[in-house]
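Colleague: From first to last, the protein sequence lines are chains S and R. If you count the first sequence from 1, you need to add 10 to reach my numbering. If you count the second sequence from 1, you need to add 10 to reach my numbering.
Hints are not guaranteed to be accurate.
Identical chains blur together in the list; that is why a pair holds if it fits in one copy or across any two.
[Claimed, not checked] With a cut-off of at most 25 Å between alpha-carbon atoms, the simulated DMTMM-like pairs for lysine to aspartate or glutamate come out as follows: (1) K21 to D398; (2) K373 to D344; (3) K425 to E27; (4) K306 to D365; (5) K299 to D321; (6) K167 to D394; (7) K319 to E27; (8) K167 to D398; (9) K323 to D344; (10) K373 to D339; (11) K323 to D339; (12) K323 to D431; (13) K147 to E368; (14) K313 to E27; (15) K21 to D394; (16) K147 to E43; (17) K323 to D365; (18) K323 to E368; (19) K36 to E297; (20) K186 to E43; (21) K24 to D394; (22) K28 to E14; (23) K167 to D365; (24) K167 to D321; (25) K315 to D280.
Derived from the structure by calculation, the hints contain no laboratory data. This structure is a prediction, so every number in the text was calculated from the model and none was measured.
Protein chains: 2
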Amino acid sequence: MKSELPGYRGKALKFLEKSGAKVGDKIKITKGENAFKGLLMPRIALSDPNHVVIKLVSGYNIGIRADAGAKVVVLEQGEGMKEPKLPQPPVGGEALPFVLIIGTGGTIASKVEYRTGAVFPSLSTEDLYRTVPELSKIARVKASVLYNIFSENITPKRWGELAEAVAAQVRESRAKGIVIAHGTDTMAYTAAALAFALQNLPIPVILVGSQRSPDRPSSDVAINLMAAVTAAVKAPFAEVTIAMHSWISDETVSIHRATKVRKCHTSRRDAFQSINATPIGEVRGGEVKMLTTDYKPRGDAGKLKVESKFDDKVALVKFYPGFSPTLIDRLVADGYRGIVFEGTGLGHISQSCFDAVERAAAKGLVLAMTSQCIWGEVRMTVYDTGRDLLSRGVIPLGDMLPETAVVKMMWALGKTQRRNDVEELMKANLAGEYSAGRFPEQRRGVA
Amino acid sequence: MKSELPGYRGKALKFLEKSGAKVGDKIKITKGENAFKGLLMPRIALSDPNHVVIKLVSGYNIGIRADAGAKVVVLEQGEGMKEPKLPQPPVGGEALPFVLIIGTGGTIASKVEYRTGAVFPSLSTEDLYRTVPELSKIARVKASVLYNIFSENITPKRWGELAEAVAAQVRESRAKGIVIAHGTDTMAYTAAALAFALQNLPIPVILVGSQRSPDRPSSDVAINLMAAVTAAVKAPFAEVTIAMHSWISDETVSIHRATKVRKCHTSRRDAFQSINATPIGEVRGGEVKMLTTDYKPRGDAGKLKVESKFDDKVALVKFYPGFSPTLIDRLVADGYRGIVFEGTGLGHISQSCFDAVERAAAKGLVLAMTSQCIWGEVRMTVYDTGRDLLSRGVIPLGDMLPETAVVKMMWALGKTQRRNDVEELMKANLAGEYSAGRFPEQRRGVA
C-alpha cells in the first residue's frame, strides 16, 4: 500500500500524522496569527524533513515549517493518491515530427500530477504528456529511461553507455532530435562527453534539466522541456547542446554549446552560462532563434561516428597557495595518465611544483593547463612561470573550460594512449571547445 | 653596464641588435606596406621573445612582431636608459595624510619612466611618485618592499609574515591606511588570509594589483593605485579589501571585501568580482562612495589582534565525474588535517566517495563543502547525497567561496588542532565570509 503522505519525513511527517491529513486533502495550517488554506501536496522522496507544502487556491505552492506552535485541521478530504488518468492523444497526431526523450535522472525526470502535485520518480511517455501537456502540440514524443540516478553519481563509463544509446537511436529511429533529461549537477560534463563521443551528428542532441522540482512553485521543468523539444524539432544545428532558462524571467531558454557551458549558480533557474562565448541560440515563443552562424548543420545519419571510450585515469587538479607538489607525485604513483591543472591567472602554478611536473612528464603523463579564473584564456608565454611550465611539457588549453578539458582528456586517452597523439587531440578544436578564431597563443601581435 | 635593450630576448632581441637600435631611440619599423615610427620602448624582464614595442607619437604603445620580413631603421638617437630625475616633493607636503605601501611583487610593483617607458622591478617611494605623480596630491606615501615574487609563489607561511608586517606598521606608524601591492593571480587568497589573521583592525588595509603592466597601453597601474591610496585616506571602513577596476571603462574602482572576491578573468582589467555580494564601496572622481552600511568602522589601534599561523596541511579538492575516492585516502595517509571539497550544485560528491569520507572523518580530518558553481550557496539538506555527507561529518559552508574556505581552514587549524573548535570556527562568520543574514541552512522556510 502506498503511503498517504508520500515524501514526508521527520518532523513534518509526525506533524501531519497527528492530524490525520493525507495528500490531496484541503487543509488549514495555523501559526500564531497566520492561517494558510490549501491542498496538501506530496513531497519528492528527497525533500527536507521540516516543511509541509500546500498548494494555495491561487495555484502557488508554499512551504510551512512544522514548528511546535503550528496546528493543522483537515477542511475537506481529497481523493488521495490514486493513479492519474491517461493523457489525451497528442493534438495534431501523426503529422507532428518525432522526438525521443532519454531519461537519466535528476529533478526534471520526475513527473507531477497537476491536481495534487503528486511526484513520481520515473519518466514514461504518458508522464511527460501529463506533466507538460503543451508538448503534445510540438512533437510526437517518446520517452525511455536509461538511468534514474543523481547526476553526481554519473561516471565516465556511463557517458560512454549514453553515447552508444544515443547513437543507436540516431541510427534506428526517425527522430528529428533527441532530448536527454539530466540532473543539473554534472550536466555540463556529460554534454561535453557526448560532444566528443558523437561525431558528425545528423540531428540535434539537447540536454535539459531543471533547477526547481515540479512540486515547487516557480518550477522550470515545463519551460525547459518545451524549449528542448522545440529545438529538437526546429533547430538548424546538429550538435550536442544544453537548453536551460536564460534569465530569471520565464520567457527565454538559451541553447548552449556543450563544450562552452557550466553551471554557475547553485539554485537559480538561469544557472547555466556559456563561458567565453554567447549561447548558439535561444527558444522564445515557440521558435528557435540562432545567435551565431557558426554551427554544424543537420546532415546524413550515415556519417555518424561514435568514439565512446573514456579513460578515467585523468585528474583535474585545482591549484591554491600551499598546494603540495607531493599530490602530483601521488597521481603518478597511482597510475594516472593525464592531469588537467586549474592554475591561477594566465595559467600558473607555483615554481615549487616544477620538479614534480617534470617527473610526471618523464613518466609519460599528459599535462595541460586551464585557468581557475573561468573567463578568459591561458597564455603561457607572457610570464616566466608560464614559459617554465611550457618547457616542461605542459600544454596550454587557451580558453577551454577546466571541466571540458578533463572530459576531453579522458576521451582522448580512451581513444589512444600515444602521448603525442593525445597532445595533438588536446590542441585541436574538435567540438567548439576553443572559441572560434581564438586559439591559444595566437592573438598577441599587433602587426 | 646595463643592457641597452632591457627586457628583450629571443627573436626580438636579435632583430634589434642587427639594427644597432637602443631603447629611447626614435626608430622606424617597416613591414611590407606598413611603417611604424616611434620611440623604442624597453620590455619588462618577463615579456615574450617575439615582439618589439614602440611608443607612437600619439603616446600609444604598440607591439610589432619581429618577423623575417620586418626592417628597422634608427631615425634619431635617444639618451638611452639613464636614471630618471628625482621627483618633485609632494604638493601639499606635511599637511597630507600618511599612507604606507607594502610591495610584494606582481605587475603593479614595477615602475615605469614615462619618457621611454623604462620598467624597473622595484618599488621605492620615489618610483611611486615618478610612476603615478598624482599620488602626491592624495597622500604622503612611503613605500617598502617586503617581497618581489610572482604571486603564484606566495605560500601560507608568507601570508603569516605579511600579516605580522602589516600589524607592526599599524602599531608603529601613523598611517591612515595601508596599501599592499600584490600580483593578481593569488591576491584574493592573500586578502582572505589577512582578513582572518588581522582582527579588530583600526585602519583599512587595501590590496591592489594590475592586470596590464605599465609598459603596455591601457595599463591599470595608475588608476588602481590612486584609488587604493584614496581609499586608504578617506574610507570609513577598517577591513581588508581589494581595490581593482570595476568595469572596462576607466572611471571607477571597486572596493571588494577580502573574503567575497575572486579573480574571474585571466586578462581583463575588471577581472575581480565580488561573489554573492556587492562590492562594499567604490572610488570615483577621487572620492570613496560606500555601497553598504555593513562594514567595520575605523577604530583604536590598541585592540588589534594578530593570529598569523596557517597550517598548510589542508587540501582544496574539486570534484568531477570519475573522481577517485583513493585521492581522499592519499590525503589522509599524507597527514592532511583538513579537506575543503568543491562539490557540484548544492554541495554534492559521488556516493562512491562516502566510505573514503567516513574514513577521513574517523581519522580526525576536518571536512567541509563548498560549490564549484561559485555563485549561490551549498544546501545539504535538500537531497539525499547532501544529507548522507552531513551525517558523515561534512560541514556545509553556505555561500563561502572555495578559495576563502581553504584559506580559512588553514588559519583555523593554525590556531587550534581541536577538531570541534575548528568546526565551530568554520561555521562562524568571522570576516564577512558568509553573506550577512545568509548563513547555511537557514533560509528555506516560507512561514
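Colleague: For each hint, tell me whether it holds in the structure or not.
Modeller: Evaluated hints:
1. K21 to D398: Classified as between; 18 Å across copies, 59 Å inside a copy.
2. K373 to D344: both (12 Å within a copy, 22 Å between copies)
3. K425 to E27: neither (57 Å within a copy, 48 Å between copies)
4. K306 to D365: Close neither inside one copy (43 Å) nor across copies (44 Å); limit 25 Å.
5. K299 to D321: neither (37 Å within a copy, 53 Å between copies)
6. K167 to D394: Result: close only across copies, 23 Å inter versus 39 Å intra.
7. K319 to E27: neither (51 Å within a copy, 53 Å between copies)
8. K167 to D398: Close across copies (24 Å), not inside one copy (35 Å); limit 25 Å.
9. K323 to D344: both (9 Å within a copy, 21 Å between copies)
10. K373 to D339: both (10 Å within a copy, 23 Å between copies)
11. K323 to D339: Both ways: K323 and D339 sit 14 Å apart in one copy and 16 Å across, limit 25 Å.
12. K323 to D431: within (17 Å within a copy, 37 Å between copies)
13. K147 to E368: Answer is neither; intra-copy 60 Å and inter-copy 50 Å both fail.
14. K313 to E27: This pair counts as neither: shortest intra-copy Cα distance 59 Å, inter-copy 55 Å.
15. K21 to D394: between (59 Å within a copy, 16 Å between copies)
16. K147 to E43: Neither, since 46 Å and 61 Å both go past 25 Å.
17. K323 to D365: So K323 and D365 pass the 25 Å test inside a copy (21 Å) and across (20 Å) alike.
18. K323 to E368: Result: close both inside a copy and across copies, 19 Å intra and 23 Å inter.
19. K36 to E297: neither (40 Å within a copy, 59 Å between copies)
20. K186 to E43: neither (56 Å within a copy, 53 Å between copies)
21. K24 to D394: between (64 Å within a copy, 20 Å between copies)
22. K28 to E14: within (13 Å within a copy, 89 Å between copies)
23. K167 to D365: Answer is between; shortest inter-copy Cα gap is 21 Å, intra-copy 33 Å.
24. K167 to D321: within (8 Å within a copy, 38 Å between copies)
25. K315 to D280: Result: close neither inside a copy nor across copies, 33 Å intra and 43 Å inter.
Of the numbered hints stated above, those contradicted by the structure are hints 3, 4, 5, 7, 13, 14, 16, 19, 20 and 25, listed in ascending order.
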